[in-house]
Amino acid sequence: MSAGTLAGAVLDRRTPPPTVVDAHAHLGPYSLFFIPEQDAAGLVRVMDRCGVARTLLSSHLAIQCDAAAGNDATAAAVAAYPDRLAGYLVVNPWQDPVAELARWAGDPRFVGIKLHPSLHEYRLTGPRYRPVWEYAAATRCPVLTHTTTGLPYDDPAMVGEIAERYPDVTILAGHSGLFRAGFDDAIEVARRHPHVLLELCGSFMHGDEISRMVGEVGAGQVVFGSDAPFIDLRMSLGRVVFARLDEADRDAVLGGTMRRVLAAAGH
Amino acid sequence: MTGPGRFRLVDADATLGRQPRVDVGDGSAAALLERMDRVGIAAALVSHSWSRLHDPAIGNALVSELVAGERRLAACWTVLPHGTGETGTPAAFVRSAREHGVRAVRAYPADHGYELAGPDAAPVFAALADAGLPLLVDAGQTSWAEVEALARRHPSLPVVVGRAGYRVLRRIAGVLDRTSNVHVGTADLSSNGGLEWLVARFGSARLVFGTGMPERDPGESVTRLLWSELPDDAVAAVGAGTLAGLTDLGGLA
Chain A
1 MSAGTLAGAV LDRRTPPPTV VDAHAHLGPY SLFFIPEQDA AGLVRVMDRC
51 GVARTLLSSH LAIQCDAAAG NDATAAAVAA YPDRLAGYLV VNPWQDPVAE
101 LARWAGDPRF VGIKLHPSLH EYRLTGPRYR PVWEYAAATR CPVLTHTTTG
151 LPYDDPAMVG EIAERYPDVT ILAGHSGLFR AGFDDAIEVA RRHPHVLLEL
201 CGSFMHGDEI SRMVGEVGAG QVVFGSDAPF IDLRMSLGRV VFARLDEADR
251 DAVLGGTMRR VLAAAGH
Chain B
1 MTGPGRFRLV DADATLGRQP RVDVGDGSAA ALLERMDRVG IAAALVSHSW
51 SRLHDPAIGN ALVSELVAGE RRLAACWTVL PHGTGETGTP AAFVRSAREH
101 GVRAVRAYPA DHGYELAGPD AAPVFAALAD AGLPLLVDAG QTSWAEVEAL
151 ARRHPSLPVV VGRAGYRVLR RIAGVLDRTS NVHVGTADLS SNGGLEWLVA
201 RFGSARLVFG TGMPERDPGE SVTRLLWSEL PDDAVAAVGA GTLAGLTDLG
251 GLA
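Heads up: the sequence lines are chains A and B, in that order.
Residues in the first sequence are numbered from 1 upward in steps of one, following the numbering used here.
Residues in the second sequence are numbered from 1 upward in steps of one, following the numbering used here.
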């Protein structure tokens, strides 16, 4: 798909062919604020509208409160839309990581693992996450971690530390550090570690930064994510659609890179 | 350049000038126009970063100078309470704004140190209402309670609150229910399905297209609106029609 096609499709309100992979999404209500559309049916409907072929998601329940019950919800959504949705297994370091990994090991509905260290107030480099890294190294499944520059839980530098320890694990640095001042740090981590990918959702992301990231580390280390339904999918997608990128790079960011990662893990 | 699409988009939330905490380039009118071309925006109401972050009067004069003769850009001035005389008396401010083709006025109560709904700024806001100039304010510059109090105090003053984020629909819903002159800008209006929900509940006449560029990526708001599930007439209204009902867009491309 060309950018001209995509940008033109936006301006003409046309629905493009379904080629996009969304590498970072969620599902369900979130207590802190009202989300008008948060179920799987609504998500798939907007995916259809915007040319998103597949979305990787974890339920809000899993990240916010109860990983086990929330992973059940994720699995149910994926079962309802097996060709469109895929799950991230949320591992909460305070809620028996070993048992949760064992419960879902080998289940095709889950294609990766999602960590949210700052929400769970436990540092990414801590030993409670060790089973996650060992599981990911064994299965080659990608690990998406939230990152927040400057926080003691998931600063991009911690992604670098994990990347040193586990060179066989593909790590998605969710939000690429979140703040614009932190994007430089995330880029530097990705530059040092080819198995670290910069994931693009977040309220402070900008097409100018996306172009810069691709220029710095290459489109093979940059993946689109929306954070829907936290953030509307179209807000996140529009930044990539109109970013100053050549077409091959845009195609990679919007799906090619993530397809390669999933294929390497057998998905 | 992407070129214009089927819908006329007029951005009520754009800024010229450099920014101190993010690289937006030189902040020139030419750079802004290039961004507008890239995402298919026809025209914009523009303020200047100096009006917010240096001196409102100097920034206002500068933005008028920078957009002079440019059919796609119109100035948006920034106002202060008249007590210190920095932006003149209410009557003088409004008269000068009109003479300079200003289409809307911005307030930055948090940055500039006053209360949006307090008595200090009330006279100038009353003058804006009388002159038919809408007031634009970022959500982060005030509280929704202040917005509601302002709207009640000046029921004929259109107030457009932009950059609301994704966590505020519980507050917005109540304020829009209880007022008729509060509008929501689409810059960073990021709640999932929020645009459709607001239009369904309050009508497209309560939504005003804005991007927040260049700090925010204009591709966000453009894609959000044009790939929305709204019918074309509602998209046209949000894209330009609502703003045209709030201020004179005559002469703008």
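Keep in mind the hints are simulated off the structure, nothing from the lab.
Where hints are given, some of them may not hold.
Computed spacing ranges between beta-carbons, pair by pair [what the hints assert, rightly or not]: (1) 248/A x 229/B: 41 to 49 Å; (2) 111/B x 152/A: 49 to 57 Å; (3) 152/A x 170/B: 40 to 48 Å; (4) 6/B x 98/A: 21 to 29 Å; (5) 95/A x 22/B: 17 to 25 Å; (6) 192/A x 120/B: 33 to 41 Å; (7) 6/B x 18/A: 54 to 62 Å; (8) 200/B x 134/A: 43 to 51 Å; (9) 152/A x 86/B: 23 to 31 Å; (10) 180/B x 260/A: 49 to 57 Å.
C-beta: ideal position from N, C-alpha, C; glycine also.
Hints and how they fare:
Checked against the hint of 41 to 49 Å, the C-beta distance between residue 248/A and residue 229/B comes to roughly 31 Å, which is inconsistent with it. Distance hint check: the CB atoms of residue 111/B and residue 152/A are about 30 Å apart, inconsistent with the given range 49 to 57 Å. Restraint check, residue 152/A to residue 170/B: a C-beta distance of roughly 31 Å breaks the suggested window 40 to 48 Å. Taken as a hint, the range 21 to 29 Å is violated for the pair residue 6/B and residue 98/A, whose Cβ atoms sit roughly 55 Å apart.
Look at residue 95/A against residue 22/B: about 38 Å separates their beta carbons, and that is not inside 17 to 25 Å. Separated by about 53 Å at the C-beta atoms, residue 192/A and residue 120/B break the suggested range of 33 to 41 Å. Checked against the given bound of 54 to 62 Å, the beta carbons of residue 6/B and residue 18/A, roughly 22 Å apart, lie outside it. Under the hint 43 to 51 Å, the C-beta atoms of residue 200/B and residue 134/A, about 49 Å apart, fit the expected range.
The hinted range of 23 to 31 Å is not satisfied by residue 152/A and residue 86/B, whose Cβ atoms lie roughly 43 Å apart. Taken as a hint, the range 49 to 57 Å holds for the pair residue 180/B and residue 260/A, whose Cβ atoms sit roughly 53 Å apart.
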